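So the sequences go chain by chain: A and B.
2 is the number that UniProt numbering gives to position 2 of the first sequence; each next residue is one higher, with no gaps.
188 is the number that UniProt numbering gives to position 188 of the second sequence; each next residue is one higher, with no gaps.
Just so you know, the hints here were simulated from the structure itself, not pulled from any lab data.
Check each hint, because a few of them may be wrong.
No copy labels: a pair is met if it fits in one copy or bridges any two.
Said to hold, decoys possible - Straight-line distance between alpha carbons at most 30 Å, and here's what the computed BS3-like set of lysine-lysine pairs gives:
#1 K229 x K79
#2 K180 x K279
#3 K181 x K279
#4 K229 x K180
#5 K125 x K180
#6 K229 x K63
#7 K180 x K141
#8 K9 x K180
#9 K141 x K287
#10 K63 x K122
#11 K79 x K63
#12 K122 x K48
#13 K63 x K180
#14 K308 x K166
Every value quoted in this text rests on a predicted model; they were computed, and no experiment measured them.
There are 2 protein chains.
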Amino acid sequence: MVQLDAIQKRILAEVADLHEVPAGAYNFRANGQLAGRNSTAHIEISSKADGTGIDIRIAPGTKNESVHIPVVVSASGLKETVYNDFYVGDGSDVLIVAGCGIDNCGRQDAEHDGVHRFYVGKNAKVRYVEKHYGSGSGGGKRILNPQTEVYMEDGSSMEMEMVQIKGVDSTQRMTIAELKKDARLVVRERLMTHGDQQAVSGYRVSLNGEGSSADVVSRSVARDASFQKFDACIVGNAPCSGHTECDSIIMDRGKILAVPSLEANNVDAQLVHEAAIGKIAGDQIVKLMTLGLSEQQAEEQIINGFLK
Amino acid sequence: MVQLDAIQKRILAEVADLHEVPAGAYNFRANGQLAGRNSTAHIEISSKADGTGIDIRIAPGTKNESVHIPVVVSASGLKETVYNDFYVGDGSDVLIVAGCGIDNCGRQDAEHDGVHRFYVGKNAKVRYVEKHYGSGSGGGKRILNPQTEVYMEDGSSMEMEMVQIKGVDSTQRMTIAELKKDARLVVRERLMTHGDQQAVSGYRVSLNGEGSSADVVSRSVARDASFQKFDACIVGNAPCSGHTECDSIIMDRGKILAVPSLEANNVDAQLVHEAAIGKIAGDQIVKLMTLGLSEQQAEEQIINGFLK
Numbered sequence: 001m002v003q004l005d006a007i008q009k010r011i012l013a014e015v016a017d018l019h020e021v022p023a024g025a026y027n028f029r030a031n032g033q034l035a036g037r038n039s040t041a042h043i044e045i046s047s048k049a050d051g052t053g054i055d056i057r058i059a060p061g062t063k064n065e066s067v068h069i070p071v072v073v074s075a076s077g078l079k080e081t082v083y084n085d086f087y088v089g090d091g092s093d094v095l096i097v098a099g100c101g102i103d104n105c106g107r108q109d110a111e112h113d114g115v116h117r118f119y120v121g122k123n124a125k126v127r128y129v130e131k132h133y134g135s136g137s138g139g140g141k142r143i144l145n146p147q148t149e150v151y152m153e154d155g156s157s158m159e160m161e162m163v164q165i166k167g168v169d170s171t172q173r174m175t176i177a178e179l180k181k182d183a184r185l186v187v188r189e190r191l192m193t194h195g196d197q198q199a200v201s202g203y204r205v206s207l208n209g210e211g212s213s214a215d216v217v218s219r220s221v222a223r224d225a226s227f228q229k230f231d232a233c234i235v236g237n238a239p240c241s242g243h244t245e246c247d248s249i250i251m252d253r254g255k256i257l258a259v260p261s262l263e264a265n266n267v268d269a270q271l272v273h274e275a276a277i278g279k280i281a282g283d284q285i286v287k288l289m290t291l292g293l294s295e296q297q298a299e300e301q302i303i304n305g306f307l308k
Numbered sequence: 001m002v003q004l005d006a007i008q009k010r011i012l013a014e015v016a017d018l019h020e021v022p023a024g025a026y027n028f029r030a031n032g033q034l035a036g037r038n039s040t041a042h043i044e045i046s047s048k049a050d051g052t053g054i055d056i057r058i059a060p061g062t063k064n065e066s067v068h069i070p071v072v073v074s075a076s077g078l079k080e081t082v083y084n085d086f087y088v089g090d091g092s093d094v095l096i097v098a099g100c101g102i103d104n105c106g107r108q109d110a111e112h113d114g115v116h117r118f119y120v121g122k123n124a125k126v127r128y129v130e131k132h133y134g135s136g137s138g139g140g141k142r143i144l145n146p147q148t149e150v151y152m153e154d155g156s157s158m159e160m161e162m163v164q165i166k167g168v169d170s171t172q173r174m175t176i177a178e179l180k181k182d183a184r185l186v187v188r189e190r191l192m193t194h195g196d197q198q199a200v201s202g203y204r205v206s207l208n209g210e211g212s213s214a215d216v217v218s219r220s221v222a223r224d225a226s227f228q229k230f231d232a233c234i235v236g237n238a239p240c241s242g243h244t245e246c247d248s249i250i251m252d253r254g255k256i257l258a259v260p261s262l263e264a265n266n267v268d269a270q271l272v273h274e275a276a277i278g279k280i281a282g283d284q285i286v287k288l289m290t291l292g293l294s295e296q297q298a299e300e301q302i303i304n305g306f307l308k
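The following block holds chain A by itself, in its conformation from the complex (with noise of 0.2 Å):
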């Protein structure tokens, strides 16, 4: 693996909670080019032919093994889109990571646009984990465009966390999933705005097979003047349950536009949502500010549980 710098480091963190070389299958990408990679027996990483991004390619049966694919960008300037598709064997068990910092100290924008696909073979279960960042002083915005595409076997499992927490400029996120007879998608998203940043996430789950179900549950906090739009649709094809829920907590001037939305075409078909925005409760922060903590103090710990 290549020497990063401090910066590079301090994203790692950020993103991957990596403070050192993981064990299991990595691959790190800095400023556009590979810095490091490791395959292991099951876990097998290449460049895709035509240079656009790498393929993933883990054995069925494969258990309680890891892949980090974080992103690092401290160039300002650069612009990338990468493709990265993941063929999960069937019957496995993976932890798959992928966060994106990015630290601008320039005056141009960086942006990284990454498409992840899935293929999750049969009854295998994947926990997926994805934390985007942003840091630097420069004028230059951080932009992240992620787009993921589920495809889901018969009987297999996906629980998703997507976290973007901090200092994101920009983020156009699309979700799409595709669901088989009794597969199962649980997603948890995380999401504070703050400046004047502009968020869209949008979900479209489509419940295909038998017994499928789905639950994507968002939470999102607006500062200042920040916007942010969620738009989740979950789509009933067959017998299926799904779930999708937006709480939303506004604060300053920011804005928020909730649109989930529910599509029933099968009459066995069950699907709930519900969204709320608002902004934290007077009585909440009054009960902290009488343990002994400032106004801000109170906020800030209210919005960390929430988001927790």
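Starting from the known structure of chain A, arrange chain B on it as the hints suggest.
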């Protein structure tokens, strides 16, 4: 009032619960023609100069009076658009009933598109009931496309009951409302579709004034191969509270698309929505069947209760 025939009388009973000429102000429209009108000391109904509809002027302070403006269409091939404007004076308290029924025994489509605009004065209270009904054995479609606009002054309140239970082949309904300070809007929509009917219902409620509030609840049943789309948007532009809820029962090969949305543009806007789509719970049917009902009777009873 001109004489109505038996079919027209039956439709009138369905859409306006009227079996005879009502007390108070009324305007009956039958097959595109004025069929009867009565103004009162406080409520004046007049035809628009350009012949496109009527103006209803309710004097300030008018209390406990009612206006009935039912429309009956029993001629195949009739297609009409009518503009009715309601000027509700400050501090008045009135009931407005505006049903429309189409009996189409012919081969051509019959269509009535009513555009209703309500200018609700300060502290005025309006209860508005709109029932839509279709009947007739002809191959021609029964089409109703109501458009409703509500402009509410400070402290006014409006309760809208919108019902379409039976026989309307195609409906595109759009309701927009703009609320000033302390205005309150309550909407109760009940919708049942069957056969291959199509129903689209959209709401856009803008809470512009401090202390304004809206509560929009839709209950619907989609039977046979019918399709429904429910699209309610609540926009919070001020310290306000909004709630929207869409509960739907799906049967047979019915399809339902629910797209409620919340748009919070003010930190003191509190917006909530919920939606649920599912079929009738099996245990509810079994329970009623143990009481001696057939499966079909049990279903009917549950649906009637749900839409009540």
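Status of each hint after checking the structure:
1. K229 x K79: within (24 Å within a copy, 40 Å between copies)
2. K180 x K279: between (39 Å within a copy, 21 Å between copies)
3. K181 x K279: between (40 Å within a copy, 20 Å between copies)
4. K229 x K180: both (28 Å within a copy, 26 Å between copies)
5. K125 x K180: For K125 and K180, only the intra-copy Cα distance (14 Å) is at most 30 Å; the inter-copy one is 52 Å.
6. K229 x K63: So K229 and K63 fail the 30 Å test inside a copy (37 Å) and across (44 Å) alike.
7. K180 x K141: For K180 and K141, neither the intra-copy (39 Å) nor the inter-copy (39 Å) Cα distance is at most 30 Å.
8. K9 x K180: Answer is neither: 40 Å inside a copy and 54 Å across each miss the 30 Å cutoff.
9. K141 x K287: Neither: 38 Å inside a copy, 61 Å across copies.
10. K63 x K122: Classified as within; 14 Å inside a copy, 68 Å across copies.
11. K79 x K63: Neither. Shortest intra-copy (36 Å) and inter-copy (67 Å) distances fail the 30 Å Cα cut-off.
12. K122 x K48: within (25 Å within a copy, 68 Å between copies)
13. K63 x K180: This pair counts as within: shortest intra-copy Cα distance 22 Å, inter-copy 60 Å.
14. K308 x K166: within (14 Å within a copy, 49 Å between copies)
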